[in-house]
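Starting from the given sequences, assemble the full structure and let the hints guide the process.
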Amino acid sequence: MRLSKEETDELLRQIGLTEDQEIDCDQCLALVAEFAEQEACGARVRAALEAVRQHLAICGECQEEYAALCLTLDNAETKPNG
Amino acid sequence: MPRSNEQWVSRLKARQDTTLIELRGILIRNLGKALVRHSHVDEGLIEDMVQDSVMRILDRLDQFEGNSQFVTWATSIAIRVAMGELRRRRWKDVSLSQILPDANTTFAGTVDSAPPPERILMRQSMVQAMYEAMEKCLSERQRTALLAELKGMPLDEIAQRMGSNRNAIYKLTHDARKKLRTGLEAAGYTAEDINESTSEVIA
Ligand SMILES: [Zn+2]
Chain A
171 MRLSKEETDE LLRQIGLTED QEIDCDQCLA LVAEFAEQEA CGARVRAALE
221 AVRQHLAICG ECQEEYAALC LTLDNAETKP NG
Chain B
1352 MPRSNEQWVS RLKARQDTTL IELRGILIRN LGKALVRHSH VDEGLIEDMV
1402 QDSVMRILDR LDQFEGNSQF VTWATSIAIR VAMGELRRRR WKDVSLSQIL
1452 PDANTTFAGT VDSAPPPERI LMRQSMVQAM YEAMEKCLSE RQRTALLAEL
1502 KGMPLDEIAQ RMGSNRNAIY KLTHDARKKL RTGLEAAGYT AEDINESTSE
1552 VIA
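Protein sequence lines correspond, in order, to chains A and B. The opening position of the first sequence corresponds to residue 171 in our numbering, with each subsequent residue numbered one higher. The opening position of the second sequence corresponds to residue 1352 in our numbering, with each subsequent residue numbered one higher.
The set of hints was computed from the structure by calculation and includes no laboratory data. Since the model is a prediction, treat every value here as computed from it, not as a measurement. We treat Cβ as the ideally placed atom computed from N, Cα and C, and that holds for glycine. Treat the hints with care, since some could be wrong.
DSS-like cross-link-like pairs, simulated, lysine-lysine; straight-line CA separation at most 25 Å [claimed, not checked]:
#, chain 1, residue 1, chain 2, residue 2
1, B, Lys1487, B, Lys1530
2, B, Lys1530, A, Lys175
3, B, Lys1502, A, Lys175
4, B, Lys1529, A, Lys175
5, B, Lys1487, B, Lys1522
6, B, Lys1529, B, Lys1502
7, B, Lys1487, B, Lys1443
8, B, Lys1487, B, Lys1529
9, B, Lys1443, B, Lys1502
10, B, Lys1522, B, Lys1502
11, B, Lys1522, B, Lys1443
12, A, Lys175, B, Lys1487
Some chain B residues near chain A, calculated using beta-carbon distances under 10 Å [as the list claims (entries may be wrong)]:
#, residue
13, Glu1469
14, Arg1470
15, Leu1531
This is the structure we're talking about:
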């Protein structure tokens, strides 16, 4: 089995970011809307949402979905009412 | 017309037609924006994805905690449904054995031929320790999932081929990463060493 330099780097990066407790993809989905709104308006996210940031740094799929969600956030329908 | 989170939830729970139509319209627009980089996605496919998404959203209304706008939450679910479908299409003809033809053989990495300075030597021995931990400490399932992910296969697709689900595969790879970290620590490498080895460009 041969890993390229990029794959080896990526694995080391992920190991370096690994926490004993991490949220999984379903827990990330439950929190990502709130995380995206707070990040979009530059707010400091509440502590529980830091786990979302950590998950997004490791999980390519959740990161891809988060990036796509951010593309929708300038939409009038997603802004607070009133 | 803007409405409160509570109105969205109560009207969708009552399966109110006008609210369902409005939600569909918003999700079609939002998926159009979210998938703008996927040029092959046409309106028909988006409508199918929205249909599936609305079912999923209705199933999960009780899980909405109201910490974001309802529409943002609904859009996040629609994006998961849509991306899952796109990944399924993109990867449908690729098997695990195609991307991991030799997953259980001895690991090897690229070795530099130039005389290595100290940092490169340290990185090489760290990488060697990581490979040893991969062989010794990981189960075959952990190794397969971790390597398939490194080769770029999405978690949902790995899960489908391993008879599992995305969440369980994430947990499997999380356990694998923890074991590798422990293996590296046992070989004398600190978290700082690991982070430094990837924060610099070492040829
Ligand atoms: Zn994830």
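Violating hint indices (sorted, rising): 7, 13, 14
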